[in-house]
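Enquirer: Residue numbers (my numbering), protein chains in the order written: chain A, 4 to 152; chain B, 2 to 243; chain C, 11 to 151.
Keep in mind that the hints were calculated from the coordinates and are not lab data. Errors might be hidden in some of the hints.
Straight-line C-alpha distance at most 20 Å; calculated SDA-like pairs for lysine to any residue [what the hints assert, rightly or not]: (1) C:Lys80 to A:Lys140; (2) C:Lys86 to A:Gln108; (3) C:Lys86 to B:Lys111; (4) B:Lys111 to C:Asp43; (5) A:Lys79 to C:Asn120; (6) C:Lys112 to A:Lys142; (7) B:Lys111 to C:Glu124; (8) A:Lys18 to B:Thr192; (9) A:Lys102 to C:Arg97; (10) A:Lys142 to B:Lys196; (11) B:Lys137 to B:Lys213; (12) C:Lys80 to A:Leu131; (13) A:Lys142 to B:Lys198; (14) B:Lys240 to A:Thr11; (15) A:Lys140 to B:Lys240; (16) B:Lys240 to A:Thr5; (17) B:Lys196 to A:Asp144; (18) A:Lys18 to B:Leu51; (19) C:Lys112 to A:Phe56; (20) C:Lys112 to A:Ser128.
Every beta carbon over 10 Å from chain A, so not counted as near; a handful from chain C, in silico [to be verified]: (21) Ala14; (22) Lys16; (23) Lys62; (24) Ala122; (25) Asp132.
If you want a taste of the chain B side facing chain C, the calculated C-beta under 7 Å gives, among others [what the hints assert, rightly or not]: (26) Glu19; (27) Pro48; (28) Gly80; (29) Phe193; (30) Leu205.
C-beta atoms are modelled at their ideal positions from N, C-alpha and C, and glycine is treated no differently.
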Amino acid sequence: MTEYLETTVDKFIFKVATDRLYTSEGLWAKNEDSLVRIGVTDFFQQRNGDIAFVNLQPAGKMLEINDEVASIETIKVNLSLSSPVRGKILNINQKVVTKPEIINQDPYNEGWLCELSVNNWAEESKKLLSPEQYFIKMKNDAEEEVRKG
Amino acid sequence: MPELPPKKVGIVTCSGEELPEGTVTRLAALRVLEQLRPGETVTICLPLFLAGGEGDRAFAKFYPTIAIDGCDKRCAYYGTTRYSNEPAASLVITDLVKKHGLDKPDGLRKLNKAGLQAVEMAAHEMAAQVDSILGKSWNRARGEFGQSNNIEQPEETTTATCSCGSGIPITKLNISNQEITVVGLPLIFETFQEKDKEPSAATLDEIMDMVKIYNHIEIDAEPALRAEIQKGYEAYFRKNEK
Amino acid sequence: MNRATKVNIVPCSGIGKSFGSVSRLAAYYITEDDRPAETEMVPLALLVLGDKETNDTVLSNSSISLDGCKLQCAKKMIGECGGQIARDLVVLDVYRDHRDLKPAGIAELNEAGEKLARALADKVDPIIDQTLGKTGEGKNA
Numbered sequence: 004m005t006e007y008l009e010t011t012v013d014k015f016i017f018k019v020a021t022d023r024l025y026t027s028e029g030l031w032a033k034n035e036d037s038l039v040r041i042g043v044t045d046f047f048q049q050r051n052g053d054i055a056f057v058n059l060q061p062a063g064k065m066l067e068i069n070d071e072v073a074s075i076e077t078i079k080v081n082l083s084l085s086s087p088v089r090g091k092i093l094n095i096n097q098k099v100v101t102k103p104e105i106i107n108q109d110p111y112n113e114g115w116l117c118e119l120s121v122n123n124w125a126e127e128s129k130k131l132l133s134p135e136q137y138f139i140k141m142k143n144d145a146e147e148e149v150r151k152g
Numbered sequence: 002m003p004e005l006p007p008k009k010v011g012i013v014t015c016s017g018e019e020l021p022e023g024t025v026t027r028l029a030a031l032r033v034l035e036q037l038r039p040g041e042t043v044t045i046c047l048p049l050f051l052a053g054g055e056g057d058r059a060f061a062k063f064y065p066t067i068a069i070d071g072c073d074k075r076c077a078y079y080g081t082t083r084y085s086n087e088p089a090a091s092l093v094i095t096d097l098v099k100k101h102g103l104d105k106p107d108g109l110r111k112l113n114k115a116g117l118q119a120v121e122m123a124a125h126e127m128a129a130q131v132d133s134i135l136g137k138s139w140n141r142a143r144g145e146f147g148q149s150n151n152i153e154q155p156e157e158t159t160t161a162t163c164s165c166g167s168g169i170p171i172t173k174l175n176i177s178n179q180e181i182t183v184v185g186l187p188l189i190f191e192t193f194q195e196k197d198k199e200p201s202a203a204t205l206d207e208i209m210d211m212v213k214i215y216n217h218i219e220i221d222a223e224p225a226l227r228a229e230i231q232k233g234y235e236a237y238f239r240k241n242e243k
Numbered sequence: 011m012n013r014a015t016k017v018n019i020v021p022c023s024g025i026g027k028s029f030g031s032v033s034r035l036a037a038y039y040i041t042e043d044d045r046p047a048e049t050e051m052v053p054l055a056l057l058v059l060g061d062k063e064t065n066d067t068v069l070s071n072s073s074i075s076l077d078g079c080k081l082q083c084a085k086k087m088i089g090e091c092g093g094q095i096a097r098d099l100v101v102l103d104v105y106r107d108h109r110d111l112k113p114a115g116i117a118e119l120n121e122a123g124e125k126l127a128r129a130l131a132d133k134v135d136p137i138i139d140q141t142l143g144k145t146g147e148g149k150n151a
């Protein structure tokens, strides 16, 4: 069962799953038996609002780090999501394309976006943030947003 | 003394769709939230007091609130009082229109000239109430203006925020076989932990002072609550220690 | 058994997002323009107040809730009052079928928002027929 780091900022509660790695933009990458699964964080989905549409890059596409892996339109913004790793897309989560609200409801589990085969996860993972590192960054970002409004 | 979260005034509108005055409440509130007092006000949908959670119901206790109603049914005022806390101020559009000698508003989707005048008038009345409320000390425990807490409020402003669905953190504690709800405890713990305030008798005194700002504590319950909060803060501090 | 003659339309009262404004405008289209004789607007505020007349209305007729967001306050409030829900609609779901109609503005909706409200009202039209046991009569009957 996934464990979480949790913090409260203003009226909001944000969770960070401890079993995966992160980018500072709010994507997570989880190594699962030679496949790396990618999704967005709880803070990301709360900050950006209800998701209206998701467009995923197709299975078979080769991605470099920071290539667009998906684009999301929420009720607030349009966002392009950058791939946290270099690899080939093997599977996409079709459920979130037809029911994007799953990402808001369950960003760490059912709301995953796609799975990539990654040649050297050990090397790739060094470029990512640990849960604790992301937690601190996220908390600072959340507090800054409250201060700014 | 650690800073309290920035003060804001809550605004609850009736938003009634059947009368032009309901439309006036909505537009006047938006004028205040977005333009006149963006950093100092926050709103919540009235139905969330019933459809939402306990955090939503704590809204009018956490924030001194202005209820703005279209007519003398005063849905926003009575609804907030019943399910959250009595508002600090109450405005009724029909009364304000009379008071200022304006024509009766008309139009539901699009207000007529009289309606737009009523919006401006009501927005400025609300803004004046916001200023008055922020100038006073709000006792969150009793949901009324109280004695000064001798705590300086930070002057930072932030733009208006919608509270839909987010809720105020609530903690339920079991004390002497009674369930006690404490508002704002995670925020308070976080405030103290950020300042590296190690668990001690002095720190606990300060924590209890802050808890009493947000919550009404019966004298008899205070020792047991203090003991629970001490345990809670010790665990929190250890877990989040840098 | 008497056939139902009216359907309640219960829009969202949210002022935090443009989707709330879309739900309200759609409710006005339905109750004022399209089907005034067969529908009744029910303000959520009166349900929260526990207004007896409004409660009776919700209990007497089936309701269609038009919510601005996934919190679905209108749907929940109808349930709280013991009313029957003929259909619960969320503006975001309708927007997904009309991607070109991105709403903006809360106090005043943009043109796309007005068209989205029109699309929502059109979606409600056959549901009213279904609820009243009519076949294909629609707003032009």
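Enquirer: Look at each hint and say if it fits the structure.
Expert: Structure-based check of each hint:
1. C:Lys80 to A:Lys140: Outside the cut-off at roughly 28 Å; violated.
2. C:Lys86 to A:Gln108: holds (18 Å)
3. C:Lys86 to B:Lys111: violated (28 Å)
4. B:Lys111 to C:Asp43: holds (14 Å)
5. A:Lys79 to C:Asn120: holds (15 Å)
6. C:Lys112 to A:Lys142: violated (31 Å)
7. B:Lys111 to C:Glu124: Between Lys111 (chain B) and Glu124 (chain C) the Cα gap is close to 13 Å, so the pair holds against 20 Å.
8. A:Lys18 to B:Thr192: holds (18 Å)
9. A:Lys102 to C:Arg97: holds (19 Å)
10. A:Lys142 to B:Lys196: holds (15 Å)
11. B:Lys137 to B:Lys213: holds (17 Å)
12. C:Lys80 to A:Leu131: violated (33 Å)
13. A:Lys142 to B:Lys198: Given pair Lys142 (chain A), Lys198 (chain B) holds - Cα atoms ~19 Å apart, limit 20 Å.
14. B:Lys240 to A:Thr11: With a Cα-Cα distance of about 14 Å, the restraint between Lys240 (chain B) and Thr11 (chain A) holds, given a limit of 20 Å.
15. A:Lys140 to B:Lys240: holds (18 Å)
16. B:Lys240 to A:Thr5: holds (18 Å)
17. B:Lys196 to A:Asp144: The hint holds at about 18 Å.
18. A:Lys18 to B:Leu51: Given pair Lys18 (chain A), Leu51 (chain B) is violated - Cα atoms ~26 Å apart, limit 20 Å.
19. C:Lys112 to A:Phe56: holds (12 Å)
20. C:Lys112 to A:Ser128: Violated, because 38 Å separates the two Cα atoms, which is more than 20 Å.
21. Ala14: Since the minimum Cβ distance to chain A is about 32 Å, Ala14 (chain C) lies beyond 10 Å and the statement holds.
22. Lys16: holds (32 Å)
23. Lys62: holds (34 Å)
24. Ala122: holds (13 Å)
25. Asp132: holds (19 Å)
26. Glu19: Nearest chain C Cβ about 6 Å off; hint holds.
27. Pro48: Where the cut-off is 7 Å and the nearest Cβ of chain C is about 4 Å from Pro48 (chain B), the hint holds.
28. Gly80: holds (4 Å)
29. Phe193: Violated - the Cβ of Phe193 (chain B) stays beyond 7 Å from chain C, reaching only about 31 Å at its closest.
30. Leu205: violated (37 Å)
Violation of the numbered hints given earlier is confined to hints 1, 3, 6, 12, 18, 20, 29 and 30; the remaining hints are satisfied by the structure.
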